[in-house]
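Asker: Chain by chain, the residues:
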Amino acid sequence: MTTRTLAVVSGGLSNPSSTRLLADRLTAATVAALRARAEDTTVEVVELRGHARDLADDLVTGFANQALRTAIDTVTGADGLIAVTPIFSASYSGLFKTFFDVLDKDSLVGKPVLLGATAGTARHSLALEHAVRPLFSYLRAVPVPTAVFAATEDWAGAGGIDRALAGRIDRAAGELADLITGRPATARPTDPFADPTTSFEDLLRGH
Amino acid sequence: MQFGIFTVSDLTQDPTTGRTPTEAERIAAVLTIAQKAEEVGLDVFALGEHHNPPFFSSSPTTTLAWIAAKTRKLQLSTSTTLITTNDPVKIAEDYAMLQHLAEGRLDLMMGRGNTGPVYPWFGKDIRDGLQLAVENYALLRQLWREDVVDWEGKFRTPLQGFTSTPRPLDGVPPFVWHGSIRSPQIAEQAAYYGDGFFHNHIFWPPEHTQRMVEFYRRRYEHYGHGSADQAIVGLGGQVFMRKNSQDAVEEFRPYFDVAPVYGHGPSLEEFSAQTPLTVGSPQQVIERTLGFRDYVGDYQRQLFLVDHAGLPLKTVLEQLDLLGEEVVPVLRKEFAALKPAHVPEAPTHASLVAAAGGAQDPTVHAPADAVTGQAR
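Heads up: the protein sequence lines correspond to chains A and B, in order. Start counting the first sequence at 8; every next residue gets the next number (the numbering used here). Start counting the second sequence at 443; every next residue gets the next number (the numbering used here).
Each hint should be verified, as a subset may be incorrect.
[Claimed, not checked] Derived pair list, reagent style EDC-like, types lysine to aspartate or glutamate, alpha-carbon separation capped at 20 Å:
| no. | chain 1 | residue 1 | chain 2 | residue 2 |
| --- | --- | --- | --- | --- |
| 1 | B | LYS512 | B | GLU545 |
| 2 | B | LYS596 | A | ASP209 |
| 3 | B | LYS596 | A | GLU208 |
| 4 | B | LYS515 | B | GLU729 |
| 5 | B | LYS775 | B | GLU729 |
| 6 | A | LYS104 | A | GLU54 |
Since the hints were derived computationally from the structure, they do not count as laboratory data.
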């Protein structure tokens, strides 16, 4: 049995937060799905609210401070990612976008990702497809086919969750677990300070 | 070890008075600052190159030639010379001329420039930035080292039987540093040629500088120029001092808070903890600067940024007095005591001439009519 790392990015701002609630449900379902596939999981949660100022500072200074650097390394070094944002003004929240803006653009290449979003009304549900999914396509991550949206009303079912939502969560978690188990444990992002693979003579010749 | 200052030549509003200097005032101020650097016993003055407001220094060789004429010992350098958008032929000519005028007190620091719009102004494309730096610098080296150059490349018209004049003073080209904040390829370039590597060391955390310098040192050794600890390393740094540490913090804070590049972000205290910025007493600057050696090893050149963010000239000159009187003499002594004998000093014209086996007259006399330039 191998151990996989699962990073969870939650963009919720309130406490308790329905965004974090959805992230936790997705995480629990993914851990269960991985266990069913004979994989242990280590979960690391990044609450973006705690990095709101760190992110603003990074935009201004061009570098991540230590706290933000730790969060970024957690996400880029994980075997899989669950990313959940509240929908604000028909798209991901600015805080959520900023976190992915300050990552190196190649740092999520090939990363299995489960996308989630929350909002006050189900009328925002397609924001996942027209806004959040293209962001991860740009980063060349690999989002699973089922993205999970939860409106306020979805938390009102028996056991505190709508049955259809619970079904979507399990389906998405299964898709993420399949993607994670289908690939080797994550190689860390390429070290820019490793000895170069292109010789300087080749650079000189214009290759 | 060499100590000095570097400036980017910005015209920035003084946030405490609301006044922005005119170009004439700021140019005069930089000339005063350079002369003051020599007067207080600093070794190096380095000037940036920019081609857009709020900067004035589009023509660094003109400025440095004036300073050369007004000083006797000061080593002149650049921070940086744009190897991407300048024609390497013009760099070869201009800086060889300056080397003669400065009687050898000249070196250069190559940089790519990070202002996207500048590239098209000079007919270049920022997407070629790295390739331009590689090809242009290779040609520059050839122009300084070979009397007659036949050359063909991707970014410039070919050269046939071209001689760049004047030839370098005593047959020895100026020493070259390569400056880069984040590109390992530039550190690789510096290592490949056995040139110096300079890290700006102002805007980013020290861990990043450390990794860049470690990489450069390792590659310097790989290319056979000496052991890793003999590679030629320079660092920037940013300081503001008053005798009393709290006075320094209070006086610098309004400049820090709105400074170009990093202002409106982290607090002065946070930025001081995250980057090499040191605001405090001369003793604090001494201790922090000595600490740089802990993560980059014994190094050859330390340049401080002291004249940016709208600080008035009077304040900058006071900073130079503190550097010259209280900080640099101690740093000189302490760094020298720590440096092993096999670690070299930064190359100078004298050391390069000696390494070349003495001065040569490199003049290329043309077989041509003195008036028309036509070959006879």
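Asker: Please name the hints from earlier in the document that this structure breaks, with their numbers sorted from lowest to highest.
Answerer: Result: hint 4 breaks, nothing else.
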